[in-house]
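K.L.:
Letter by letter, the chains look like this.
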Amino acid sequence: MNKFTKVLTAAIVLGLFVGVCVLGGFVEANNKVRIALVLASTTDDMAWSQSMYEALLALEEQMGKDNLELVVSERLENPVDAGAAIRQYADQGFDIVIAHGAQFQSVVFEVAEDFPETSFAYGSAFKTGPNVFAYEPLAQQGAYLNGLLAGYMTKTGVVAIVGPVESGDAVKYNYGFEQGVKAANPDVNFRIAYTGSFGDVVGAGELAKIHMDAGADFLTGSAQQAVGAVRACAERSGVYWMSTDMDQSSLAPDTVLAAQVYHWDKLVAEMLELRKQGIRGGKHLYLSFVDDSLEFRINPRLADRIPADIMEKIEKAKQDIVDGTLVIELPGGTK
Amino acid sequence: MKRSNRVAQSLSQLALLMGALLMALLVGAILIGIAGANPLVAYRAMFLGPFSGRFGMTESLVKATPLLLVGLGVITSFRSGILNIGGEGQMVIGAIAGTAVAFAFSQWPAFILLPLVLIASVLAGAVWGGFAGWLKARLNVNEILSTVMLNSIALQLCLYLIRGPMIDPEEVAYGTGTPQTAQLPRQIWMARLVRGTRFHWGFFLAVALAFVVFIFLWRTTIGYRMRAAGEGPNAARAAGIDVEKYQILAMALAGGFAGLAGMVEVLGVHRRVLEGLSAGYGFSGIVVALFGRLHPIGAIPAAILFGMLTLGADMMQRAVAIPAAIVMAIQGLVVLFVVGSDILVRHPEIWQRWFRKKSPGTQGRLEADRAGSGNQ
Amino acid sequence: MQGVVISNVVIGILATGVRLLAPFLFASIGEMFCQRSGVFNLGVEGIMMMGAFVGFFVTLRLGNPYLGVVMAILIGIALGLLMALVSVTMQAPQGISGIGLYMFCWGLSGLLFRIYVGFITSIEGFKPLPIPGLASIPVLGPILFQHNWLVYLSILLVPISWFVLFKTDWGLKVQAVGVTPQAADTLGVNVNAVRYQCLMLGGALAGLAGAFLTVGQANMYADNITAGRGFIAVALVYFGRWNPVGVLLGSLLFSMMNSLQLWLQVLGINFPYEFAVILPYVVTIAALAVAVRHVWAPTALGKPFRRESI
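Chains as they are written, first to last, in the numbering used here: chain A, 40 to 374; chain B, 3 to 378; chain C, 548 to 857.
For reference, chain A alone in the conformation it holds in the complex (with noise of 0.2 Å):
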C-alpha cells in the first residue's frame, strides 16, 4: 500500500505541474473600486444576505460597471471557509471586503493585520481596526416601532416572536422589539421562543403556528428562518407579522403590516467615500433613521388598518427616537 501512496503523491506533483503549465494570468488592471462581499446565506433569502445583495447591485448600477467590480461569495456560514474566501478577496487586491455577519468578526481581523491595503467591513458589530470598518443597523430603533405598533393593534393580547439562535443581531431586535411592546401596552403577553437554526423555514413555520394556536395576533423575527414564519401567517387571517431587514410583504401581502428595512447603499458609498480621502477603516458606521438609511414601512395595502391615533404615536416616537429625546436601550445594558 505504501507503493500506492507514493504514487498518489506523485500524481499530485504531476498535477502541479501540469497546473503551472496551463497557468494563464488573471491579472486584471485598472483603477474601478473592487467590492467583494461574503454571506452566510444565499443572496435570495428575503432577510440579511439579500438586503446587502441588493443595495450593492443598485450602488453598481448607480456608480456603473465601469467604476465598479462587485463579487459575490455566498453560503459560507462556517468561519473555515469564509476565512478563505475573505483571504482570497485580500490577496487578489479587492479594495473593500464585506465580509456580512457579525460572526466574521474574528476572521476579518486574522486577515485585516496580513492585508493593511485593502478595506475590510463587517456588521453588525462595534470593533474597528485601522483597516478594518464596523456597521451597524439601528435595529433596535426599528424594532421598537414593529413593537410598539404590534402592542397597540394586537386583538388578543398576545404577541409573539419567533427566533432563529439566541445571539448577536436576533437579541438586538427582540429586545427593542419588547420594550415597543410593553411601551405600547405593559399588559400585552410578550412571549419568544427560538428554532435554534438561522436556515430551519420549515421549524420557524411549525413555531408560528404554535404561537398562533396560543393566542398570538402579532409576529415578529428575524434571520432567513423568518420567511417560513410569515407563510405560516398568511394562512390565518386576523394575524399580522412585522418584517425586518427586508420588506416581505411580496410574500405575504395582507399579513405583512409594516417593515423595518435597511438600505445599506448608503452606507457603502460612505466606506467609498472615506477610502478615497484616504481613511481605510477605524470608523463605526450606522444604518439609522436620521438619514433614512433605516426605513419604517407600513405596507401600503394594509395602512388603512391602522387607526390615525396610533399611526401618529408611532410618527411621533420615529421622531423622538431622531432626535434622541427616547433612547432604545440594548441587552447588557451599555452603549
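Calculated directly from the structure, the hints in this document are not laboratory data.
Hints are not guaranteed to be accurate.
What the hints assert, rightly or not - Coverage of chain A stretches by chain C, computed from C-beta distances (three or more under 8 Å per stretch; other residues unrestricted):
1. 82 to 92
2. 249 to 260
3. 266 to 273
Stated by the list, open to error - Among the chain B residues that face chain A by a calculated CB cut under 10 Å, a handful are:
4. Val29
5. Phe57
6. Gly58
7. Arg239
8. Ser280
9. Met330
Unchecked claim - Derived Cβ-Cβ restraints for the label pairs, each shown as a range:
10. C:Tyr663 <-> B:Pro117: 49 to 59 Å
11. A:Gln358 <-> C:Ile816: 33 to 43 Å
12. B:Leu42 <-> C:Pro677: 21 to 31 Å
13. A:Leu341 <-> C:Ile678: 28 to 38 Å
14. C:Thr636 <-> A:Leu341: 53 to 63 Å
15. A:Gly277 <-> C:Leu687: 54 to 64 Å
16. C:Pro679 <-> A:Thr364: 55 to 65 Å
17. B:Gly38 <-> A:Glu93: 15 to 25 Å
18. B:Gly166 <-> A:Asp348: 35 to 45 Å
19. B:Leu141 <-> A:Leu341: 54 to 64 Å
20. B:Gly38 <-> C:Ile678: 40 to 50 Å
21. C:Leu719 <-> B:Phe213: 25 to 35 Å
22. A:Asp331 <-> C:Pro677: 40 to 50 Å
23. C:Pro677 <-> A:Asp359: 23 to 33 Å
All residues carry an ideal CB built from backbone N, CA and C; glycine is no exception.
Knowing the structure of chain A, use the given hints to seat chains B and C on it.
P.N.:
Then chains B and C, alone, in the frame of chain A:
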C-alpha cells in the same frame, strides 16, 4: 505478491481514482453549463486555484490538517469494525474542553499549557466518541444513530457555552453578543509558518501522527487486536480477543483524534472557539480516510488532495460567479464516482472482462489474484 | 401562562406532534425497507431535499400540488436508483455513498432553485382536510383528524407497510435478503433486484417526505429546507428496530418531544433553549439505552451481496 505486481496494482488503482474524478468532473461540467458558465474556464480556475500563489498553496494544507486528523480517527475506528461519523460533535467538544483548560491556566507557560490543552481536547473528544462506542458495545446501540444524535447535542452544548458562560466578555460589554469565546492566551497559539497566510505547524503534527497511527495499528499488540476485531469479530472472539473492549477503544481514539482536530483548528486558525468551527470536517474526514484506502500513510496525500479539491472548487465558484451550491454538487459526484469505481479495484476481473474475451482459464487466475489482493 | 387553558395546550402539543410526524414517518418507513433488504441509505436527507424542491417547483409552475407530489416521488425513485447503482451494483461502502448522494442532492437542489426560481416565493399547498364527523370529536378530533391528507396517508402507511413486510411474498423476500442473502440466492431470489426495488421504494417515500415539507407544511422552499430531518429519519429506523410499529413509536416520541419543547418555549417556561432543542435527541438516546440489549437486526445490513464471494 511480487513487487512489480504491487506497483502495477497501485498504478491501476491510481488510474482508477483519477478516472473516477474525471467522470465526476464531466458530469459536473454539465451542471456548470446549466448554471450559465463555461465549464472549461471554471475548471481551469478550480485546478489552478490551489497552485496560484501562496494563498492557494497554503490554504490547501490548512484544510488538509483537520481532514487528516479526523481521517486518522476514522481509519482507526473503521479498521476495528466500527464507523465513526460523529467527528463533527467530537471536534467541537474537544475544542471547547481544550479552550476551557487554556483559560483556567492562562498564566502558565506554553511548554506546559500547550500539551495540557491538547491532551484535554483529546480526552474530551475520546469521552464523546467513547460514549458512542460504549453504547454500541454494551447496549448494542448502533453507532451511526448515536453519533448523529451526539453531533446535534454537542453542537447545541457548544453554542450554549460560547453564548453563555464562556462568551467573550467584550461581546457582553458592547451588547453585540456574537457567540464566541475570547482569544486564547497568546503563548499557546500555533505559530504560522508563511507570512500573510494561516498555514500553521499543526499540519506537521498531523503528518507525524499519521506515522504514529501506522506504527500503532501494525506494530503493536493492541493495534493488531483492534484490526483483528475489525476483520472478523467472530474469529477474533474465538481467539480470545474482547472485541467489544476494542471497539470502545477504537471509538475513543477516533473521538480523540477529532477532538484534537478541533483544538488544532482553534490554536492554529481561529485562536478562539466560534460557531461553525467543525465546518463539515467530521464528514469529509471520512471521505479522506476512504481516499487514502483506509491507510494512515495513504491518508496524508488524500487529505492534501481533498483539501485542494475543496479549495479549488470554492475558488472556481468565486472566479466564474456560479451559485455556491454547485461546489457541493460536484463534491458529491466525486464521492459517488470514487466509491462507485472502487469495485474495480477489489474485483479487477470486472474490467479485465471488458478488455479481454472470457477464456476458460480466466476464472481460476482471477481467484488467485483476489486472494493476493486481500492484503492491506 | 395566563390566557392559555391547560387542556388546549395539551391538545396543541399533541396536534403539533402529529403534524411534525409525517415527514419522519414517510422517510423512515422507506428507509426501513432499504435496511430490511440490507442497504443502509444515508442519502435520504438529500433525496428529501430534491423531493422538496421538485414538489415546490411543479406546484409553483403548474399550480397543482398533487402533480408536485407525483413528480417528487418520481425524482425520489430516480435518486433511489442512483443509490442502488452505486451501493448495490458497484458495491460501494453504503455509508459513504449515502453521504455522497446527500451532498450531490443538496448542491443540485440549491443550484436548480437558483437558476429556475431565483427568489423566495410561496405556493398554495395542501389545506387541512378535516375528516367529516371524526374531526368534531372533542380532544381526539383536533389531534388526529384536522390535518392535510398527507398526514393521514403517513399514518396509514404504518399498517400498510406492516402488511407488506410481514404478510406478502415480496416482504418475506425482503426480509430474507437482509438476513441471509446467500440462502435467499440459493432459493432463487434475485438479491440485488430486491435491493433495487427497496431502494426505489425508499427513494419514493423520501421524495414524498421532502414534498410534504414544501407542499404540506411550509408552502415554500428555501435552501437546506430539510435541516437534518433525513438523518433523524435514518436514526429512527434503528430506534424502531426495523419494524413499522417501532418506527411509528420512535417518530412519535421524537416529534412529540419536539412539539413539547416548542410549546414550552412559547408558554415562556424559561430554560436555555439549547437544552430544549436537544431534548428530542437526548430522550431518543436514553430510550435506546434502556431498551433491550440484544435485539434482532438485519444481519446482512451494510454488506454488499456478491454471488461468487461465497
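K.L.:
Please go over all the hints and tell whether each is borne out by the structure.
P.N.:
Each hint, compared with the structure:
| no. | hint | in the structure |
| --- | --- | --- |
| 1 | 82 to 92 | holds (count 3) |
| 2 | 249 to 260 | holds (count 5) |
| 3 | 266 to 273 | holds (count 5) |
| 4 | Val29 | violated (20 Å) |
| 5 | Phe57 | holds (4 Å) |
| 6 | Gly58 | holds (8 Å) |
| 7 | Arg239 | violated (27 Å) |
| 8 | Ser280 | holds (8 Å) |
| 9 | Met330 | holds (8 Å) |
| 10 | C:Tyr663 <-> B:Pro117: 49 to 59 Å | holds (54 Å) |
| 11 | A:Gln358 <-> C:Ile816: 33 to 43 Å | holds (39 Å) |
| 12 | B:Leu42 <-> C:Pro677: 21 to 31 Å | violated (57 Å) |
| 13 | A:Leu341 <-> C:Ile678: 28 to 38 Å | holds (35 Å) |
| 14 | C:Thr636 <-> A:Leu341: 53 to 63 Å | holds (58 Å) |
| 15 | A:Gly277 <-> C:Leu687: 54 to 64 Å | violated (27 Å) |
| 16 | C:Pro679 <-> A:Thr364: 55 to 65 Å | holds (60 Å) |
| 17 | B:Gly38 <-> A:Glu93: 15 to 25 Å | holds (20 Å) |
| 18 | B:Gly166 <-> A:Asp348: 35 to 45 Å | holds (42 Å) |
| 19 | B:Leu141 <-> A:Leu341: 54 to 64 Å | holds (57 Å) |
| 20 | B:Gly38 <-> C:Ile678: 40 to 50 Å | holds (48 Å) |
| 21 | C:Leu719 <-> B:Phe213: 25 to 35 Å | violated (51 Å) |
| 22 | A:Asp331 <-> C:Pro677: 40 to 50 Å | holds (49 Å) |
| 23 | C:Pro677 <-> A:Asp359: 23 to 33 Å | violated (49 Å) |
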